[in-house]
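All chains, full assembly: derive it from the sequences and hints.
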Amino acid sequence: MTIGQGNLLGTLRERYSDPLLTVLTALLLFLMFVVAPLQASGIVVFQAVGVFAALAMMTGVLILSGSAIAALRCWLRFQ
Amino acid sequence: MNVFVIILRLRGTPSAFDLHMVAAAWLVLSITLGAVVGRAVFAPGAVTYHRIVGAVLLYLLIALGFVALFAFVGLLIPKAFSGLVLEDNATFASSAIYFSFVTLTTVGYGDIVPVHPIARSLCNLEAICGQLYPATLLARIVTLEVASRH
Chain P
305 MTIGQGNLLG TLRERYSDPL LTVLTALLLF LMFVVAPLQA SGIVVFQAVG
355 VFAALAMMTG VLILSGSAIA ALRCWLRFQ
Chain Z
47 MNVFVIILRL RGTPSAFDLH MVAAAWLVLS ITLGAVVGRA VFAPGAVTYH
97 RIVGAVLLYL LIALGFVALF AFVGLLIPKA FSGLVLEDNA TFASSAIYFS
147 FVTLTTVGYG DIVPVHPIAR SLCNLEAICG QLYPATLLAR IVTLEVASRH
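These protein sequence lines map, in sequence, to chains P and Z.
At position 8 of the first sequence (counting the first as 1) the number is 312 in my numbering, and the numbers step up by one without a gap.
At position 40 of the second sequence (counting the first as 1) the number is 86 in my numbering, and the numbers step up by one without a gap.
One should not assume that every hint holds.
[Unchecked claim] Cross-link-like lysine to any residue pairs, in silico, SDA-like; alpha carbons within 25 Å at most:
1) Z:K125 with Z:D64
2) Z:K125 with P:P341
3) Z:K125 with P:A344
4) Z:K125 with Z:A92
5) Z:K125 with Z:H96
6) Z:K125 with Z:H66
[As the list claims (entries may be wrong)] Here chain Z is said to cover these stretches of chain P; the calculated rule only asks that three of the stretch's residues, wherever they fall, bring their Cβ under 8 Å from a Cβ of chain Z:
7) 316 to 327
8) 336 to 343
9) 359 to 372
These aren't lab readings, by the way, just hints derived from the structure by calculation.
Built from N, CA and C at the ideal position, the CB exists for glycine as well.
This is the structure:
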């Protein structure tokens, strides 16, 4: 299920493909080195923070890949 | 997958099956994200700063993939790792990520140790990836970015 170039996602991908790599890196670093240890410490708020960060990552994957299936796989992991 | 695990947790006590599901989810995430990011990083065109950061993201995803593999090995082979408690709780992800990065960067603090030969082999593989990836692919991408400035 590939999303065509002519629509909004195709435009976003063309424009933000490279900066999205930096955003995804920052989000993954935040999830692994901030959210995971704080969750392990028992701070419940960071469960929600983790979910929001994961949703942002999923959106980034959707734009970067242009494929709903790739985003769905990430969705399956987090949800 | 995680919703399924939460439902299982609500129905009864945590089990090894929950951890298998979580590990499978980590593996799916790292492979999918790795494929998407890899395609963007190694696509034709000028190598930019963002692509270098994307290559770093791939390095992090290697560690994430090995988190899942360590979990599978630890679940299938009892006492494969000394010091790593494979229980379905909040500390598991943090410990597994910590061990994976300690191995990938070949720091080796020694608080968590692979004992079983398969676990040791997996750790060796991760350490080799952790050494070779920055020295070859990452260095090549940085070189291309620097060359494109001139």
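Cross-check of the supplied hints:
no.: 1; hint: Z:K125 with Z:D64; in the structure: holds, 18 Å
no.: 2; hint: Z:K125 with P:P341; in the structure: holds, 24 Å
no.: 3; hint: Z:K125 with P:A344; in the structure: holds, 22 Å
no.: 4; hint: Z:K125 with Z:A92; in the structure: violated, 48 Å
no.: 5; hint: Z:K125 with Z:H96; in the structure: violated, 41 Å
no.: 6; hint: Z:K125 with Z:H66; in the structure: holds, 16 Å
no.: 7; hint: 316 to 327; in the structure: holds (count 6)
no.: 8; hint: 336 to 343; in the structure: holds (count 4)
no.: 9; hint: 359 to 372; in the structure: holds (count 5)
Hint check: violations occur at hints 4, 5; the rest are consistent with the structure.
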